[in-house]
Each structure stands twice: as structure tokens, then as C-alpha cells.
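The numbering used here puts the first residue of the sequence shown at 268, with every later residue one more than the last.
Simulated from the structure, these hints should not be mistaken for laboratory data.
Just to be clear, a hint being listed does not mean it is correct.
As the list claims (entries may be wrong) - Quick list of in silico lysine-lysine cross-link-like pairs, DSSO-like style, CA-CA up to 27 Å: (1) Lys395 to Lys610; (2) Lys601 to Lys354; (3) Lys353 to Lys556; (4) Lys396 to Lys601; (5) Lys537 to Lys496; (6) Lys390 to Lys556; (7) Lys610 to Lys390; (8) Lys537 to Lys556; (9) Lys537 to Lys459; (10) Lys395 to Lys601; (11) Lys459 to Lys556; (12) Lys459 to Lys496; (13) Lys396 to Lys610; (14) Lys354 to Lys610; (15) Lys601 to Lys353.
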Amino acid sequence: MKKTGFSVILLTASLAAGALWCPSLTAQAASHPEADVVLRVCNWEEYIDLGDWDEEETIDLESGDIIGENSMVEDFEEWYYETYGKKVAVEYSTFGTNEDLYNMLTLGDVYDLVCPSEYMFMKLMAEKKVVPLSDGFFDEENEYNYYTKGLSPYIRRVFDESEIEGEPWSRYAAGYMWGVTGIVYNPDVVTKEDASSWSVLNDPSYRRQVTIKDNVRDSYFAAVGAIKKDLLTSEAFQEDPDYHLNLQNEMNDVSPGTIAAVQDWLQSVKDNAYSFETDSGKADMITGKVVANYQWSGDAVYTMDQADEDDYTLNFAVPVESTNIYFDGWVMLKAGIEQDPAKQHAAEAFINFCSRPDNVIRNMYYIGYTSVITGGEDDTRVFEYADWCYGAEEEEEDTLDYPLGYFFVDDNEDEDYILTVPADQADRQLAAQYPAEDVLERSSIMVYFDASVSETINQMWINVRCFNIKKIPVWAWILAAAALSGIAAFLYKNRKRTYKL
268 MKKTGFSVIL LTASLAAGAL WCPSLTAQAA SHPEADVVLR VCNWEEYIDL GDWDEEETID
328 LESGDIIGEN SMVEDFEEWY YETYGKKVAV EYSTFGTNED LYNMLTLGDV YDLVCPSEYM
388 FMKLMAEKKV VPLSDGFFDE ENEYNYYTKG LSPYIRRVFD ESEIEGEPWS RYAAGYMWGV
448 TGIVYNPDVV TKEDASSWSV LNDPSYRRQV TIKDNVRDSY FAAVGAIKKD LLTSEAFQED
508 PDYHLNLQNE MNDVSPGTIA AVQDWLQSVK DNAYSFETDS GKADMITGKV VANYQWSGDA
568 VYTMDQADED DYTLNFAVPV ESTNIYFDGW VMLKAGIEQD PAKQHAAEAF INFCSRPDNV
628 IRNMYYIGYT SVITGGEDDT RVFEYADWCY GAEEEEEDTL DYPLGYFFVD DNEDEDYILT
688 VPADQADRQL AAQYPAEDVL ERSSIMVYFD ASVSETINQM WINVRCFNIK KIPVWAWILA
748 AAALSGIAAF LYKNRKRTYK L
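Could you put the whole structure together from the sequences, leaning on the hints where they help?
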């Protein structure tokens with residue numbers, strides 16, 4: 268993320284730094300007498316361009332300059348009026364985690380358009396809480412349908428082939444950002460080999476020098492990767508024709524034995540880690556408090572960028588066992604849209620506006636994450652931006668060719684989509700922002716867990732975060748056993764007296 272503060276244009280002055288979510292940027296009770304449509308949008312914190320760029324931040328591409336002067340929300344309102352002749356007022360809110368968003372919806376907050384991660388929009392699909400995207404949204408003849416015209420062929424295939432109860436994601440969800448998970452590490456202290464395994468998180472060599480995510484889904488994924496390392500990295504497993512299906516099944520294994528093993532492993536990590544964290548790990552890496560940090564690739568880019576400003580080199584590694592490929596996507600909520608064609612039109616227009624290549628670049632630059640949009644073969648600005656960020660200087664000698672054709676045109680051999688970059692980018696920002704094809708080969712989606720499984724997993728997480736059975740000393744067990752024996756004897760005696768009476 269380029270900036271850590273929120274624009275005063277978009278936030279009320281009362282917002283406290285670090286809050287999990289903020290109220291609507293326009294007070295919820297406020298009316299919009301001049302608006303034809305009021306669109307209520309809820310997105311991740313710091314996950315859209317807030318504008319107010321300095322002149323020197325201008326992105327000077329061959330196709331033209333790009334700069335964020337106003338917030339994306341303000342620019343959308345103006346564009347919508349100019350394009351469709353109707354005034355839209357956007358009430359923009361944010362959330363801190365997928366679970367925060369779900370709790371907000373459960374408590375009665377009403378939004379029209381939200382942007383959760385894949386496992387959460389799968390949950391919302393399964394619970395029938397979202398409405399499908401309109402047929403017109405997929406019309407590539409419509410010049411304003413930037414999403415369907417510019418979506419990466421790789422991402423399109425994932426969304427078309429991934430289903431919930433027979434319904435493809437693509438019918439209900441439009442992708443926004445994507446990436447993989449891995450380890451940001453200090454190469455002066457941690458070897459690349461160590462950082463390339465989830466086992467680094469409970470490696471005693473780095474005791475109190477690593478951090479892990481403070482949410483059950485990401486931590487569960489890392490734990491499964493670590494405890495199944497021998498299986499996942501075995502030649503027989505990797506060469507199986509059904510490798511990708513088997514990998515997804517293994518990484519989403521919720522059998523009782525696996526859950527118990529995950530709890531044990533996470534409790535060992537709790538003893539070994541500096542902290543469980545959601546956002547502070549970036550600062551802890553930059554300041555040197557820790558030497559390895561479990562991170563989403565977008566935050567990894569931000570962390571390495573900030574460290575570079577201090578002449579402090581950090582690298583990024585993707586575990587050999589597996590990585591989670593994640594997607595954040597827009598879905599329209601039934602409770603908000605309420606079969607209102609005007610609201611749905613504005614919601615889909617908002618998705619398309621954010622998918623226009625120049626706006627894609629603004630958002631990527633501002634937040635550090637990778638858009639699902641390529642712009643299509645007729646608009647090369649997104650690829651130009653990748654070259655602008657990472658391309659080697661003409662005089663550089665230590666370079667390598669980095670193919671991105673798999674993402675842009677579904678052909679990794681296409682010479683038009685091969686970047687020449689500094690050699691170290693194979694382990695740094697570029698590798699985080701656009702993972703190599705072999706990394707995606709060992710990637711897995713975190714699937715939706717039903718209510719029963721979620722309850723079991725959440726209880727396991729409570730056990731890990733609030734209670735560590737391994738740290739109870741033997742004398743405590745003896746006292747507990749004695750106390751229970753005493754209580755049992757007392758109840759037995761009282762029972763006998765009751766019978767005598």
C-alpha cells in the first residue's frame with residue numbers, strides 16, 4: 268500500500284487510526300436529495316485509490332501519463348453522470364477482515380456492493396445472499412464493459428471453473444485483486460531454503476523472530492502445508508495426473524486428525540513466533556523486529572518497497588509445499604440491491620469503472636496489490652505499467668527474462684509479454700506481484716467451509732489463541748486431578764446421605 272492514511276475527503280475526522288471498520292463516508296442517515304441513485308459500497312481498508320498524488324508520482328507510460336488527483340469514488344460519480352446522465356452518490360465504507368464484514372452484515376448493516384475474498388463470497392453465494400451479474404455486464408460489444416473485455420484469461424478460467432453448488436463464481440462475482448501467500452524474509456539472516464517452507468514459522472532457529480497471520484483461515488492453510496510437507500513435496504504426489512485436485516483436497520482437509528494436528532502445530536508456532544498479526548508484520552519487518560513474516564503478496568510488495576527506501580533489502584519466497592491463491596471480488600447483495608435495476612446498474616458500472624486500465628493502474632500503484640485486469644490485447648497499458656515498475660535499465664547486465672504471457676494472453680511463450688528485469692526480481696517485488704507460472708502450479712484455493720466445519724475450526728482457533736495445553740505444568744494437572752477427585756467424592760457422599768434420608 269502506497270499510503271497508510273485515509274483522505275479527509277472520504278473519511279470523517281473522528282475515524283481512529285487502526286479501527287477495524289469505518290462508518291459510511293457520508294453519514295448513513297444523511298439524505299442525497301440531488302442523487303438519482305445512492306450506492307452503498309463496502310471494501311477493504313486502504314483498497315482503492317484515494318487520489319491526492321504529488322506531481323512527481325505521475326506514471327509516465329508510452330501510452331500517456333496517469334495520476335490520481337481525486338479519489339476513485341469522486342471520479343466515478345463524475346464519470347457516471349457524464350456517461351449515463353444520472354447522478355449517483357456513493358456511500359463508501361470499509362472493513363478489516365472477511366469475518367468483520369460478515370459480522371457487520373449479520374448485525375444488520377446494509378450494502379449494495381461488497382468486496383470479500385473468495386472463501387467469503389463463496390459463503391455468501393451458498394447462503395443465497397447475492398444476486399447474479401446481469402447479462403449485459405458480460406456484453407463485450409458495450410464499450411463501457413471494461414471488466415469483461417479486459418479480464419485476464421487466466422483469472423477468467425479460474426472464475427468460470429470454480430463453483431458453489433453448481434454455480435460458477437463468474438456468474439455472481441467480479442474479480443478485483445488477486446495474489447498468493449508466502450514469506451517475506453531478511454536474506455541476511457534467513458536462507459531462501461528455510462523461507463521456502465511453512466516450517467520456518469515454528470523453526471526454533473528463528474524463535475521470537477517470525478510472525479503469522481492472526482486469522483484462522485490463513486493460519487490453518489500454513490499449518491496444513493507444514494504438517495503435510497512430506498506428502499505434498501513427494502514425487503509421486505506431484506506427478507499424479509490429478510495433482511491439482513488432490514492438492515486442493517489436501518490443503519482444505521478438515522478431518523478430525525488433521526484439525527488436531529493443525530492445533531498442535533499452531534500451538535508450537537505460538538511458542539515460537541514474535542506475534543500473531545494482521546497488519547503490524549509489515550512494520551515489524553521494515554524495522555527489523557522480525558526476520559520472517561507470513562504475508563499476502565500485495566502487502567509483501569509494500570513491505571519490500573518501504574524497506575528499499577531505507578536501503579534495507581527484503582525478499583519474498585513461496586513455500587514449496589503449496590501457496591494459497593487468493594482473490595478479492597465484487598458481489599452485489601440481495602439485501603441492498605432489492606431488485607432495484609438502477610442500483611444494480613450503478614453497482615456494475617462501479618466495477619467497470621475500477622476495471623478501466625488507467626484506473627486499474629491507479630489502484631495497483633496506490634495499494635500495491637495486483638489487479639485481475641490486463642486491459643485486453645487492444646490496451647497494453649497494464650503491461651506497460653509492469654515494465655515501468657520492474658523493467659531493467661538498458662545498461663544493466665545482470666538481468667533475466669520474466670514471462671507474463673500466462674496472465675496477459677494465456678500464452679507464456681508470447682515474446683510480446685516477456686519482461687527483461689533485474690535478476691534479483693525473481694525473489695522480490697515482481698515475483699510477489701506476478702507469481703511465476705511454476706508457483707501457480709502449486710497454488711490452491713481456500714474453499715468454503717459449511718457451518719458445522721467452521722464451528723469446529725473456530726473452536727480449534729480459540730484453543731490456539733486463548734489456551735495452550737502444552738504450557739500447563741505437570742503440577743497443575745495433579746492439582747486439577749485432585750480437585751476433581753475431591754469434588755467427585757463430595758458429590759458421592761452427599762448422594763448417599765440423600766438416599767438415607
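Taking the hints in turn, this is what the structure says about them:
1. Restraint check: the Cα-Cα separation between Lys395 and Lys610 comes to about 19 Å, which is no more than 27 Å; the hinted pair holds.
2. Straight-line distance between C-alpha atoms of Lys601 and Lys354 comes to about 22 Å, which keeps the hinted pair within the 27 Å bound.
3. In summary, the hint linking Lys353 to Lys556 is not supported, as the alpha carbons are separated by about 52 Å, beyond the 27 Å threshold.
4. For a cut-off of 27 Å, the pair hint linking Lys396 to Lys601 stands: about 6 Å separates their Cα positions.
5. For the proposed pair Lys537 and Lys496, the alpha carbon gap of about 20 Å is at most 27 Å, so the pair holds.
6. With a C-alpha separation of about 37 Å, the suggested pair Lys390 and Lys556 falls outside the 27 Å cut-off, and the hint is violated.
7. For a cut-off of 27 Å, the pair hint linking Lys610 to Lys390 stands: about 23 Å separates their Cα positions.
8. For the suggested pair Lys537 and Lys556, the alpha carbons sit about 17 Å apart, so the restraint of at most 27 Å is met.
9. The straight-line distance between the Cα atoms of Lys537 and Lys459 is roughly 23 Å, inside the 27 Å bound, and the hint therefore holds.
10. Distance hint between Lys395 and Lys601 is fulfilled; the C-alpha atoms sit about 8 Å from each other, no more than 27 Å.
11. Distance hint between Lys459 and Lys556 is fulfilled; the C-alpha atoms sit about 19 Å from each other, no more than 27 Å.
12. Distance restraint check for Lys459 and Lys496: the Cα-Cα separation of roughly 17 Å lies within the 27 Å cut-off, and the hinted pair is therefore satisfied.
13. A C-alpha spacing of about 16 Å is found between Lys396 and Lys610, which places the hinted pair at or below 27 Å, so the restraint holds.
14. This hinted pair checks out: Lys354 and Lys610 have alpha carbons roughly 12 Å apart, not beyond 27 Å.
15. Straight-line distance between C-alpha atoms of Lys601 and Lys353 comes to about 23 Å, which keeps the hinted pair within the 27 Å bound.
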